[in-house]
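Asks: Each chain, written out:
Number of protein chains: 2
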Amino acid sequence: MDQKTILTQIVLNTWQTQLERCTSFINNLTDEEFMMEVAPGKNRVIYLVGHLVAVHDAMPEILGLGKKAYPELQPVFVDAPDRTVEKITPISELKQIWITVHDRLTKEFAKLSADDWFKRHESMTDADFEKNPARNKLSVLNTRTAHLAYHFGQLRLLK
Amino acid sequence: MDQKTILTQIVLNTWQTQLERCTSFINNLTDEEFMMEVAPGKNRVIYLVGHLVAVHDAMPEILGLGKKAYPELQPVFVDAPDRTVEKITPISELKQIWITVHDRLTKEFAKLSADDWFKRHESMTDADFEKNPARNKLSVLNTRTAHLAYHFGQLRLLK
Numbered sequence: 001m002d003q004k005t006i007l008t009q010i011v012l013n014t015w016q017t018q019l020e021r022c023t024s025f026i027n028n029l030t031d032e033e034f035m036m037e038v039a040p041g042k043n044r045v046i047y048l049v050g051h052l053v054a055v056h057d058a059m060p061e062i063l064g065l066g067k068k069a070y071p072e073l074q075p076v077f078v079d080a081p082d083r084t085v086e087k088i089t090p091i092s093e094l095k096q097i098w099i100t101v102h103d104r105l106t107k108e109f110a111k112l113s114a115d116d117w118f119k120r121h122e123s124m125t126d127a128d129f130e131k132n133p134a135r136n137k138l139s140v141l142n143t144r145t146a147h148l149a150y151h152f153g154q155l156r157l158l159k
Numbered sequence: 001m002d003q004k005t006i007l008t009q010i011v012l013n014t015w016q017t018q019l020e021r022c023t024s025f026i027n028n029l030t031d032e033e034f035m036m037e038v039a040p041g042k043n044r045v046i047y048l049v050g051h052l053v054a055v056h057d058a059m060p061e062i063l064g065l066g067k068k069a070y071p072e073l074q075p076v077f078v079d080a081p082d083r084t085v086e087k088i089t090p091i092s093e094l095k096q097i098w099i100t101v102h103d104r105l106t107k108e109f110a111k112l113s114a115d116d117w118f119k120r121h122e123s124m125t126d127a128d129f130e131k132n133p134a135r136n137k138l139s140v141l142n143t144r145t146a147h148l149a150y151h152f153g154q155l156r157l158l159k
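So the sequences go chain by chain: L and C.
The first sequence begins at 1 in our numbering and counts up one residue at a time.
The second sequence begins at 1 in our numbering and counts up one residue at a time.
Misleading hints may appear alongside valid ones.
No copy is singled out in the list; a pair is fine if it fits within one copy or between any two copies.
[As the list claims (entries may be wrong)] With a cut-off of at most 27 Å between alpha-carbon atoms, the simulated DSS-like pairs for lysine-lysine come out as follows:
#: 1; residue 1: K4; residue 2: K107
#: 2; residue 1: K42; residue 2: K159
#: 3; residue 1: K111; residue 2: K4
#: 4; residue 1: K107; residue 2: K131
Keep in mind that the hints were calculated from the coordinates and are not lab data.
If you're wondering where the values come from, they're calculated on a predicted model, not measured in any experiment.
Here chain L stands alone, though its shape is the one from the complex:
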C-alpha cells in the first residue's frame, strides 16, 4: 500500500468511525429525545441532527461530486439558529435524509482514488492550491470529521 493510499485510509477510517457512532446513537433516540435540548437553553437534538446532515449534504459540492440533494436544509439548520424557523423538517423525514445523504457519500467515496482525494477542493483556486497543497479534498473530509465529533460530543450529553 503506498503512502497516499494509507493516508486516505486513515482519514476515511476516522470519518467512518465517528459517523457510525453518531448514526447508531441517533437510531436509538425516541421522538421525545429528538425534541430535547442537549443542555438548558442550548440546541435541540433535532437541530443538531439537521445541522450535521445539512453540512454533510453539502459535501459533494465542495468535493466536486455533484449538487446538494436537500438544499432546503441549509436555511433551517445552518443559516438560522435553532427555534427561529417555524416549520422544521419532521423527525421521520430527517432520519430518512440521514440515511440517504450518508449512503450517497459512502458510494461516492468508494469511487474516489487516493489521487482524487489529493486534488484541490472546489472552494480553492488553482493559485491558492499551489501555495497550500495540503488544502485538498482529504483535508475537507478531515475537517468535517472534527465537526461531526464536536457535535456528537454534544448529542451524547443527552444520555
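Use these hints to put chain C onto chain L, whose structure you have.
Replies: Using the frame of chain L, we list chain C on its own:
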C-alpha cells in the same frame, strides 16, 4: 512541499486547529466556570480539561516519544469518573500542565519526519502492522483529534 509532507500536514493541521480553539476557550474561563458542569449532572469543566490533558500527556508513549510527564493525571481524569476522587488537581496547576504538555507535543511533532509518522505506533505488533499499515502514528494523532473535538464540543456548551 513533497507529497509525504502534504499527507502529514493534513492531519497535523486538523489537530492544531482543534487544539488552538480549545486552548483559547480554556484560557478565557474563570475559576468559577472551571467548576461548572457542561450540562446538569454531566462532567465538570475541570474534569474534561484534566481528561484531555491526561490523554494528551500519554500520547508520547504510544508515539514512541517517551514517558508521560504527569502519570498522576490518569487515575483522576481517565480511570475515575468525575466527582469520585476527593483530591483533584487545582485549576492553576492544570492550566500550567496544559501548556507544558502541548509545548512538548509541538516540539516533538516538529522533530518527526513524514516517514516517522508512517511507522507503527507502540501498541501495535509488527505482524499486525503488516496487515494494516493504516494503523500508524498519524492515525493515532487523527483519532486524538476527533477525541479532542468531541469534548471541546461539550466544553463549548458552557458559553
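Asks: If a hint holds in the structure, say so; if it does not, say that too.
Replies: Hints versus structure:
{"no.": "1", "hint": "K4 x K107", "verdict": "both (20 Å within a copy, 25 Å between copies)"}
{"no.": "2", "hint": "K42 x K159", "verdict": "both (16 Å within a copy, 10 Å between copies)"}
{"no.": "3", "hint": "K111 x K4", "verdict": "both (15 Å within a copy, 21 Å between copies)"}
{"no.": "4", "hint": "K107 x K131", "verdict": "between (31 Å within a copy, 25 Å between copies)"}
Of the numbered hints stated above, none is contradicted by the structure.
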